[in-house]
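Protein chains: 2
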Amino acid sequence: MLVNGKKYMTIWTDKHNKDVVCAINQNKLPFGFEIVKLKSSGDVIDAIKNMVVRGAPLIGAAGAYSVYLALLEAKRKYKGAFDLNEYLSEKCELITSARPTAVNLRWAVDLILEKVTKQKTLQGKIDAALKMAEKICDDDVRACRNIGMYGRDVIKKISAKKKDGVVNVLTHCNAGWLAVIDYGTALAPVYLAKEAGLKVHVWVEETRPRNQGARLTAWELEQNGIDYSIITDNAGGYVMQNGMVDMVITGSDRTTLTGDVCNKIGTYKTALAAYDNKIPFYASVPMSSFDLSIRDGVKEIPIEERSTDEIMYSEYYDGRDIKKGLITFKTAKIRNFGFDVTPAKYVTGIITEKGIIKPNERSIRKLFRNG
Amino acid sequence: MLVNGKKYMTIWTDKHNKDVVCAINQNKLPFGFEIVKLKSSGDVIDAIKNMVVRGAPLIGAAGAYSVYLALLEAKRKYKGAFDLNEYLSEKCELITSARPTAVNLRWAVDLILEKVTKQKTLQGKIDAALKMAEKICDDDVRACRNIGMYGRDVIKKISAKKKDGVVNVLTHCNAGWLAVIDYGTALAPVYLAKEAGLKVHVWVEETRPRNQGARLTAWELEQNGIDYSIITDNAGGYVMQNGMVDMVITGSDRTTLTGDVCNKIGTYKTALAAYDNKIPFYASVPMSSFDLSIRDGVKEIPIEERSTDEIMYSEYYDGRDIKKGLITFKTAKIRNFGFDVTPAKYVTGIITEKGIIKPNERSIRKLFRNG
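Protein chains in written order, with the numbering used here: chain A, 11 to 381; chain B, 11 to 381.
Only chain A is shown next, with the shape it has when bound in the complex:
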C-alpha cells in the first residue's frame, strides 16, 4: 500500500542487494516512517522480539527471511567443513523462540526448512530459502487480495442501497496491511472498494491499551486516501446505535471449527453492539488462522494476560522520541487481558480467501475439504 505516495510492502529484499532484508519499523509509527535493514538472522530475531515487525503473517514471513539470512551467514563465515544441519537447527530454534506464541512463525520456519533440506549444495539451499520466503509473502498477498475482493462485493451491495453511496465500516485494532504483507485482512475490503471507486468511511476504534487502531489503522488509511474517524472503544456502541455504521469488519487471531472468533480484546463488546443494532459483523480470516482442533472458543482458547504496564502507562510522542507516561497512581492494581472470543452466533460471516462462509462447523469443514 501507499506511504507518502509510494508503494510499499511491510517486508522485502533490497532491490540492489538481495542479501539485505528491509522492513518498516512499526514501533516508530505513526510518528516516524523508518525502514530497517536486516542483515543477519539475528537482526530479524531482534526485530521480531522488539515488535519492529508484528502481525502473525508478517512475523511468519520475517521468520522465513531469517532462515535465508542464516544460510547467507553460513556461506560468509564458514569456509571449511562444518555441520550445516546442526547450525541450521540451532538457528531455527532461536528464530521460532523469538515469539513463542506466534503460530505462523513456526509454520513458516518449518516450511522453509523442508525445502532447504531437499537441496544438496549450500548455494542451492540459499536459493531455495529465498524462493520460499518470497513465495510465503506472495501467497499471503494473494490471500489478502482475495479476502479484499469478497469483502468489497459486500460493501458494493450496501453502497447501492444508500442514498449517498457512502459505506461506513467500523473496525477494531489493526488488521490492515501493516499486520500482513500487503492489503490487510479486515482492511483489504476497504482498499479494494476504493480501487473499485466506491465511497467508504471507516470508524477506527482506538483499541486500548496499545492503541493500534489510533496509531496504525488510522495512519495507513490516511496514507491511502481513505476517509476515517478515530473514536474511543467506548464510542463504538454509540455510533452503531445512531445509524452511523453499515458493517463491522475485524481480523481474527484464531477462529474455531465452530466459527468462534478470537481477536484483540474488545472485539466481543463491539460484536454485541453490532448484533443489537442489526449491523452485519464480519471477521476477515485467512485459512491459516483457523484452528480446527477447537470447538468452544470461550472455554478452550487460552487468553494471554499481558503486562499491566500497558495500561499503567500510555505511549506518547514528545516530538523526538516515543515515551511512556504514567496515567494512574503507581500502586494501582491492574489486570490486562489481551484477547477475547466472539461467539459464532454474533458473527454474520467469515471472509476467507476462498469466499465468505457462515460461522458454523459445516461451512468451515466444507471450506477446508475444497481447499
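Note that these hints are calculated values from the structure, not bench results.
No copy is singled out in the list; a pair is fine if it fits within one copy or between any two copies.
In silico DSS-like pairs for lysine-lysine, Cα to Cα no more than 27 angstroms straight-line:
#1 K16 <-> K340
#2 K87 <-> K128
#3 K38 <-> K333
#4 K288 <-> K355
#5 K343 <-> K173
#6 K334 <-> K38
#7 K376 <-> K364
#8 K333 <-> K343
#9 K85 <-> K141
#10 K209 <-> K171
#11 K343 <-> K204
#12 K141 <-> K130
Predicted model, so just to flag it, every value in this text is computed and none were measured.
Here the structure of chain A is known, so what remains is to put chain B in place on it, guided by the hints.
Positioned in the frame of chain A, the structure of chain B alone reads:
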C-alpha cells in the same frame, strides 16, 4: 470517605473560618491530594470551570456555596447603599454559566436564591445561604447513603449464594464519592457493603478518554480499603463472559421517564455484555437525575461532542506535573462522543434513594408520586 485514613467530604466550610469553602482539587488526583481554599464566589466559579470540582451533585453544591461567598463579599466590600438584588442576580448569572450544561448547578443556585430573597437583612441572607448550601450537601449525602443501603442489600443476597462470599461488581467511569459529596451513587452500595462486613471486589473500567475509572474510581477504592482491579474498557466483556462478574453498577447523568439510562460513553456496550451473560445491570440514580420530560433516550437526549484533544492526547504524570502526551499523529481525524444511552430493556433495576425500581414508566411515575 477516607483519604490517607482521614474522613473527608468533597466540599465543606473551614472549621476555623466559616468564610472559607474547602474542596478537594480533583484535577490533581490521583497523583496529588490537594485541598483548595475558595474565598470568593469567583474562586468557586474558576474551580467549576477548571474542573477542580466535577460531578453534577458536587457542582450544584459548589454553586450554592458560591452564592454564600458572594453575599460575604457584599458585606466586606459595600459599606454604603447598593443594589443587593442586582448584585446577586449578576453573580448568580456568572455562577450558572460556569458550566451551562450542568442541570444541578442552576437548580442549586435557584434554590438558594429563593431562600435568600425571603430574608430582609444582609446578615440574614448570609446565614440563610450558608444553611441552604449545607442542607443541599446533607440531602445529597442522605440520598447517596440510602442508595447505598438498597444496593448493599442486593450485594448481600448475591454474597450469600457464593462459596467464597466475594461479590464482583463491575463499574464504568467515576460515580463514587468524588462525584458527589460523600458515598457516591454507583459506589455507595460497595462502601456500605464493606461497612456491613461483606467482601467485594470491583472491576474498574478505565473509561477512556478521560480515564476517570483508572484515575478516580481506583484511587477512592484504594483509599477506602476496597479490593479492585483496573481493566481496559475493552476487557469488560471478557471478564463478564468468563464468570468473573456478579453485577454491574454505573451512575447516570440523566434517566428518562421510560427508564433509558444516559451515562458516560461506553456504558451501553458494558450493559450489552452484562445482558449477554445474564449479569444484573443496575444504574444508581438519585431522583434529581431523572428527566421525566423524555421518553426515548436514544432519540431525544442530545449527546455532547467534546474536544478531540481528549483522544489525541493522554494525560500523564511526570513526577511533578500532569502533562499531555500525543498518542497519534497530529493530523489524525477524530470524533469524541461524551455519553451514550442504555435502553431500559438492558437495565435490571434503578437504585434510587427511595428503593430499587424497574426501568419502566409505571414504576418511575409511582416513585415520583410517592416522593
